[in-house]
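**Student:** Residues per chain are reported as follows:
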Amino acid sequence: MNGLKRQLRWPRRIARMLLILAATGFLVIFLLLPLVVVFVEALRQGIHAYLSTIGQGEALSAIRLTLLVAAISVPLNVVFGVAAAWAIARFEFRGKALLGAFIDLPFSVSPVISGLVYVLLFGAQGWFGPWLDQHGVKIIFAVPGLVLATIFITLPFVARELIPLMQSQGSDEEEAARVLGAGGWQMFFRVTLPNIRWALLYGVLLCNARAMGEFGAVSVVSGHIRGLTTTMPLEVEMRYNEYDYVGAFAVATLLALLALLTLATKTLLEWRYGNEIAAHAPGGH
Amino acid sequence: MTLELSHLSRRFTGAAALDDVSLAIAPGEFLALLGPSGSGKTTLLRILAGLDYPDSGTAQLHGRDFLAAQARERKVGLVFQHYALFRHLTVAENVAFGLRVRSRKSRPSGADISDRVGQLLKRVQLDGYGSRYPTQLSGGQRQRVALARALAVEPDLLLLDEPFGALDAQVRVTLRRWLRELHEDLGLTTVFVTHDQEEALELADRIAVMNHGRIEQVGTPEEIYQQPATPFVCEFIGKVNKLPLTCTNHGLVAGDWVLEGAPWSDRHVHAVAYVRPQHLSLGVSASRPGWTARLRHIYLAGSVAHLELDVPSIKQVLEVDVGGEDVARLGLQVGAELRVAPRRAVVFAMDGQGDDASHVERWVWQAPDTHSA
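The listed protein sequences correspond, in order, to chains C and A. Heads up: the first sequence begins at 1 in my numbering, then just goes up one per residue. Heads up: the second sequence begins at 1 in my numbering, then just goes up one per residue.
FYI, nobody ran anything at the bench for these hints, they're computed from the structure. Just so it is clear, the structure is predicted and the values come from calculations on it, not from any experiment. Hints are supplied without guarantee of correctness; some may be wrong.
[Unchecked claim] From the derived model, a few chain A residues whose C-beta atoms are all more than 10 Å from chain C: (1) Leu67; (2) Arg123; (3) Gly128; (4) Tyr129; (5) Gly140; (6) Val171; (7) Arg177; (8) Leu182; (9) Gly187; (10) Gln197; (11) Glu202; (12) Glu260; (13) Arg267; (14) Ser287; (15) Glu325; (16) Asp356.
[To be verified] Here are a few chain C residues that face chain A, going by a calculated C-beta distance under 10 Å: (17) Glu92; (18) Glu173; (19) Ala176; (20) Val179; (21) Gly181; (22) Met187; (23) Arg190; (24) Val191; (25) Arg197.
[Said to hold, decoys possible] Here are some, though not all, of the chain A residues that point toward chain C, as calculated from beta-carbon distances under 8 Å: (26) Ala49; (27) Gly50; (28) Leu51; (29) Ala71; (30) Val76; (31) Phe80; (32) Ala84; (33) Phe86; (34) Arg87; (35) His88; (36) Phe97; (37) Gly98; (38) Val101; (39) Arg102; (40) Val153.
Just so you know, even glycine gets a beta-carbon here, dropped at the ideal spot from N, CA and C.
Sequences are here, hints too, so could you generate the full structure?
**Tutor:** This is the structure we're talking about:
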């Protein structure tokens, strides 16, 4: 009996160790190593070369543009996300399931297609292109196009984070606030918002990471005009294509740092406020 | 001063939650809305609180339209079934909420608010709990915080949704008594929803029994218990034996038991009698109408004994309650044969047979001589 147990135990232990080794090895090769490479390549010619590359006008304008796009699209996404989550979690209406499905659309459509849709709509040969041209509005190959594409791509992040949480919390507290005399905005700012704040922050974090890192959709609408319509991911690609490896990796380090910061904050949020963040959170629980 | 509800109806996706409900709520009374789940009692409460609106019907207070007033203007306090305390606020902030959201003109000063919160917490026996969060409290304590929060806005009408539903039995009884005292102290009009008839009978001045969105009967606990208006009220309030009756030339008959002198004489052919377990007498003499029964079980529950009697002549098992000491006095033993007869019954003439028949007339019958036990 005892011998049998031992026999069973050894293969088990070995299997467990192999699995852990495999998983760790996989992570090191495919995640950690590239990350290290980014920093090593960026610093290959020393810290001075690195700093001066980042300090260049083109790199700076790429950084500025990325921040600008995120600064416009993330707040708009917050407004949309909260409104959509509220509508879906609190009201019964026709087409509710459809709205839910539409929110998920950007997840299932290839980013290149999403970018292309805007070109077809607002490009020179697009549906509204001529009309926009007449009125002197430029969307494609300009900042508005970048913002539109980014909003589309990041649409689900906030809403998907809030919907399950608001559904599970129910509307009792909001109703209590109303009976106690709170107006609509008072109810929102004093009851709803505090209850969803961590999940909202979590959604904003993921939304922001995607907004700053998005490549596909932005690439289609950008037109790659140096200093005007290149965001950081596009800048990395352009430099790489021009054999400016140090420059490409230097800009890439900034994106990598953003990723690390996001990861750290995300982990902190999950650890501290896990129960106030919806359970489905990708990479969470 | 009376709040007059008339002909309120409310439908949810086809099903009637409230069906032509009329009710007058007198100032200062303690009213229970009693009914099974889905009977519309919570819908009625939510309409009073301004969280829902009827499809038709009116509510008038001081001759003014109560329903037109917004939730915040109604001077109503509502305690939710699951308390709905603001989880991110402390107990004191929860209680102060209704005062803090007031417009700047009518809002008391910060010092006044904290005074008021202190008084209210003392009132609900939660002195010193002000800085805790709802998750740090027991169910009974949360319930009292919810009550203090509702009272903070000085409501004229206090609404309680299943106030004791989520509490364990012991806390429930204590809190019930305490709530009754509070009601008397404050002189508020209080309406509470419950599915627990015992709770309603013990607490309320008046009870409105609801079923399928309608009010079956409104009355004092005494009236509801002794003079049930409908078969539903009979079956819902307390334990009861249901006896189908056959109409014959001699009167209404169930086995060897005969009821004479029904007020509707032979106008109706179907009837049902409801007899409470404590209204059955044991050991009645053979000269009087009654059944011969066999004692199946005795459940001694302290001062009361619950008996189960098998009555072959009506093919039914009757539940009988007698005093604990009667078990010994009558020498009751399982398997013994007994004579049993009702002392009192509520009889309904029905428009048909079966469960979907409805009653057309009611007759509260009392045995001519009640000293037979």
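**Student:** It remains to establish, for every hint, whether it holds in the given structure.
**Tutor:** Results for each hint:
Under the 10 Å C-beta cut-off, the non-interface status given to Leu67 (chain A) relative to chain C holds; the minimum distance is some 15 Å. Distance check for Arg123 (chain A) against chain C: the nearest CB is about 17 Å away, which clears 10 Å, and the non-interface claim stands. Consistency note on Gly128 (chain A): stated as away from chain C, and its beta-carbon is indeed over 10 Å from all of that chain's, at 23 Å minimum. Listed as a non-interface residue, Tyr129 (chain A) keeps its Cβ farther than 10 Å from every Cβ of chain C; the least gap is roughly 19 Å.
Consistency note on Gly140 (chain A): stated as away from chain C, and its beta-carbon is indeed over 10 Å from all of that chain's, at 19 Å minimum. Every Cβ of chain C is farther than 10 Å from the Cβ of Val171 (chain A); the closest lies at roughly 21 Å, confirming the non-interface assignment. For Arg177 (chain A), the condition that its CB be more than 10 Å from all CB atoms of chain C holds, with the nearest at approximately 26 Å. Listed as outside the interface, Leu182 (chain A) is consistent with that label: its C-beta sits roughly 19 Å from the nearest C-beta of chain C, beyond the 10 Å cut-off.
Every CB of chain C is more than 10 Å from the CB of Gly187 (chain A) (nearest about 21 Å), matching its label as outside the interface. Non-interface call for Gln197 (chain A) relative to chain C: holds, since the shortest CB-CB distance, roughly 26 Å, exceeds 10 Å. Separation of Glu202 (chain A) from chain C is adequate, the least Cβ-Cβ distance of about 27 Å exceeding the 10 Å criterion. No Cβ of chain C approaches the Cβ of Glu260 (chain A) within 10 Å, the least distance being about 56 Å, so the stated non-interface status holds.
Annotated as non-interface, Arg267 (chain A) keeps its C-beta farther than 10 Å from every C-beta of chain C; the closest such distance is 49 Å. Distance check on Ser287 (chain A): its Cβ is at least 63 Å (rounded) from any Cβ of chain C, clearing the 10 Å threshold; non-interface status holds. Interface exclusion of Glu325 (chain A) from chain C stands, the closest Cβ pair being 49 Å apart, more than 10 Å. Distance check on Asp356 (chain A): its Cβ is at least 31 Å (rounded) from any Cβ of chain C, clearing the 10 Å threshold; non-interface status holds.
Interface restraint check for Glu92 (chain C): the shortest CB-CB distance to chain A comes to about 9 Å, inside 10 Å, so the restraint holds. At its closest, the beta carbon of Glu173 (chain C) sits 5 Å from a beta carbon of chain A; the interface hint therefore holds under the 10 Å criterion. Taking 10 Å as the C-beta cut-off, the interface hint given for Ala176 (chain C) holds, the closest approach to chain A being about 4 Å. Residue-level restraint check for Val179 (chain C) holds (minimum Cβ-Cβ distance to chain A is 5 Å; threshold 10 Å).
Restraint check, Gly181 (chain C) versus chain A: the minimum CB separation of about 4 Å is within 10 Å; hint holds. Look at Met187 (chain C): its Cβ gets to within about 8 Å of chain A, closer than 10 Å, so that hint holds up. For Arg190 (chain C), the suggested interface contact is upheld, since its CB lies about 7 Å from the closest CB of chain A, less than 10 Å. A least Cβ separation of about 6 Å between Val191 (chain C) and chain A falls short of the 10 Å threshold, and the interface hint therefore holds.
Nearest Cβ of chain A to the Cβ of Arg197 (chain C): about 8 Å, under the 10 Å cut. The hint holds. The criterion of a C-beta within 8 Å of any C-beta in chain C is met by Ala49 (chain A), whose closest approach is roughly 5 Å, and the hint holds. Annotation: Gly50 (chain A) was flagged as interfacial toward chain C, and the flag holds, the nearest CB pair being 7 Å apart, inside 8 Å. Because the beta carbon of Leu51 (chain A) sits about 5 Å from the nearest beta carbon in chain C, less than 8 Å, this interface hint is met.
Proximity of Ala71 (chain A) to chain C holds as hinted, the smallest CB-CB distance being about 5 Å (cut-off 8 Å). Interface hint at Val76 (chain A): satisfied, since its Cβ lies 6 Å from the closest Cβ of chain C, which is below the 8 Å cut-off. For Phe80 (chain A), the suggested interface contact is upheld, since its CB lies about 5 Å from the closest CB of chain C, less than 8 Å. With 8 Å as the threshold, the beta carbon of Ala84 (chain A) comes within range of chain C, its nearest partner Cβ sitting at about 4 Å, so the hint holds.
Hint on Phe86 (chain A) holds. Least Cβ distance to chain C is approximately 6 Å, under the 8 Å limit. Taken as an interface hint, Arg87 (chain A) checks out: its beta carbon lies about 7 Å from the nearest beta carbon of chain C, inside 8 Å. Restraint check, His88 (chain A) versus chain C: the minimum CB separation of about 4 Å is within 8 Å; hint holds. For Phe97 (chain A), the suggested interface contact is upheld, since its CB lies about 5 Å from the closest CB of chain C, less than 8 Å.
Using the Cβ-Cβ criterion of 8 Å, the hint placing Gly98 (chain A) at the interface with chain C is satisfied: the shortest such distance is roughly 4 Å. Interface hint status for Val101 (chain A): upheld, as the beta-carbon distance to the closest one in chain C is roughly 4 Å, under 8 Å. Given hint, Arg102 (chain A) at the interface with chain C, holds; its Cβ is 6 Å from that chain's nearest Cβ, closer than 8 Å. Taking 8 Å as the C-beta cut-off, the interface hint given for Val153 (chain A) holds, the closest approach to chain C being about 6 Å.
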